[in-house]
Amino acid sequence: MASRILVGTRKGTFIVEKKNGSWKPRLAGHAGGGVNYVARDPYTGKLWALLGFGHWGAKLSVSTDEGETWNDNPAQIKYPEGARYIGQDMYEDAGSDFGVGIKIVTRPATVQKLWIIGFGPGGAVYVGTIPGGLFVSRDGGGSFELNRPLWNHESRGGDLFSGEGKGETKWFGTPASEGGEFAPGIHSIVVDPRNPKRMLLAVSTAGVIETADGGETWQPRNNGMRLDHTPEPDAEWGHDTHYIEQCEGDPEHIWQQNHVGIYYSSDGAKSWRKVSRPEQGVHFGFPITADAKDGRTAWVVPGKSDMQRMAVDGALFVARTKDGGETWEQLRRGLPQEQAYDVILRHALANKDGAVAFGSTTGNLYVSDDGGDGWTTAANNLPPIYSVRFA
Amino acid sequence: MPSVHLTRHLYTFFPHLEGQTIIVEASTAGEVVAALERLAPGIGFYICDELGRLRTHVNIFVGKQMIRDRKGLTDAVAANDEVHILQALSGG
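Read top to bottom, the protein sequences are chains S and Y. Mapping of the first sequence onto numbering that gives the first Met the number 0: position 94 corresponds to residue 93, and the numbering continues sequentially without gaps. Mapping of the second sequence onto numbering that gives the first Met the number 0: position 53 corresponds to residue 52, and the numbering continues sequentially without gaps.
No wet-lab data here; the hints were simulated from the structure. Quick reminder that beta carbons are idealized off the backbone N, C-alpha and C, glycines included. Please note that the accuracy of each hint is not assured.
[Unchecked claim] Far from chain Y by the CB rule (all over 12 Å, computed), these chain S residues: (1) 45; (2) 50; (3) 66; (4) 79; (5) 80; (6) 172; (7) 181; (8) 249; (9) 292; (10) 328; (11) 352.
[Stated by the list, open to error] Stretch-level coverage of chain S by chain Y, calculated; a stretch enters the list once three of its residues show a Cβ under 8 Å from a Cβ in chain Y: (12) 53-60; (13) 103-110.
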């Protein structure tokens, strides 16, 4: 049974361990600093933390001693000279009825946020950022390089390194950046366990994108998804994917929590099917986690709706499906059923070997040892929780 | 040579600088940052972004004067100047 959980919070990295039958949290590093994500590289055993300091920028921190000590990684994530992207500026326009206009601008890229780290065999480490960069290391994190085919993808305006691009991007922006600017962000990295050259990324707010050739070329994988909330519901791009996760043991099965509901793919993201059950309160949310063995099993922690992003009707529950989203169970035993307003962010739900854990922005951490049937409160009064990963 | 005073926040990340009198050879704010980087590899990326611009809400004072060139850090630093590097505001 999994017995150690890495927790990234707004005020530090916590390690929560099960000892003598109960879970105990302890502050394990980065005290006072924003920790967007903490995870263990299963290939090298290193722990990685993605830090966001309000004043001092985004930093990559690494531990080689199981979290006892942390150091800034010698190689940091930096955009190369000339990396530009298309954004918007608001300007004062006396001629407009509203007094302001919007101008499309090309902006030099700097790291606004390190959001997700992913791992592959042979020293591959991947970091996804806002404004939408995928950084790749082939040497276990010794050096990182921006993936240029994705950065220069035609869907986001073409090559702005060497040219002027096409002047139009189909990737929108997320308010999750730390610099205040709305820019797209890569929050999900899936490395196919059968073939590491095949990867899926998910972008807020563009959708799902796949490479089959190790990052040389990228294709959208948004078939079946609908942008219910926009005038062009069948657009290829602009999907507000909140998170995707692949079933490790049955990799054609991929789960997605989207702004407009829950999607499931049983054909490796070639097509998506909406499996939400709004009438059962299983629809809106941020995180999703796929069972490591059974492709038809997944968990979500629903929120009320995009208008009210908190626990449904003041009661916290986890929803589990075991049949590919045909039916969902509401799992409530051990979770607060009144005056609970927890929000669970996209990286704050995980499962391993039958254990499931999630943490909320209200600083509560809940763990189940039996697949979600019953829950234990592992910690209260933590800082707002950004990520939860078994390690 | 100018002396440099750092906010305590930076000592959290670079503890070996704490308690040191930091004297650098520099004639511009940018050269001060470059000299600090030699003393404490990585600190330059705390103070400036990858475009070399002073990070938003980080300030450098030369004497009592806040530097004006946040992009190129060309503001002059004289031999007897005291340079302060600190964050502009804080939050909860």
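These are the hints, each one checked on the structure:
1. 45: Given a closest Cβ separation of 18 Å, the condition holds.
2. 50: 10 Å, violated
3. 66: Holds: least Cβ distance 18 Å, greater than 12 Å.
4. 79: 8 Å, violated
5. 80: At about 8 Å from chain Y, residue 80 of chain S fails to clear the 12 Å cut-off, so the statement is violated.
6. 172: The assertion about residue 172 of chain S holds, with a minimum of 18 Å to chain Y.
7. 181: 16 Å, holds
8. 249: Check passes; 40 Å lies beyond 12 Å.
9. 292: 42 Å, holds
10. 328: Answer for residue 328 of chain S: holds, closest chain Y Cβ roughly 39 Å.
11. 352: 36 Å, holds
12. 53-60: holds (count 5)
13. 103-110: holds (count 3)
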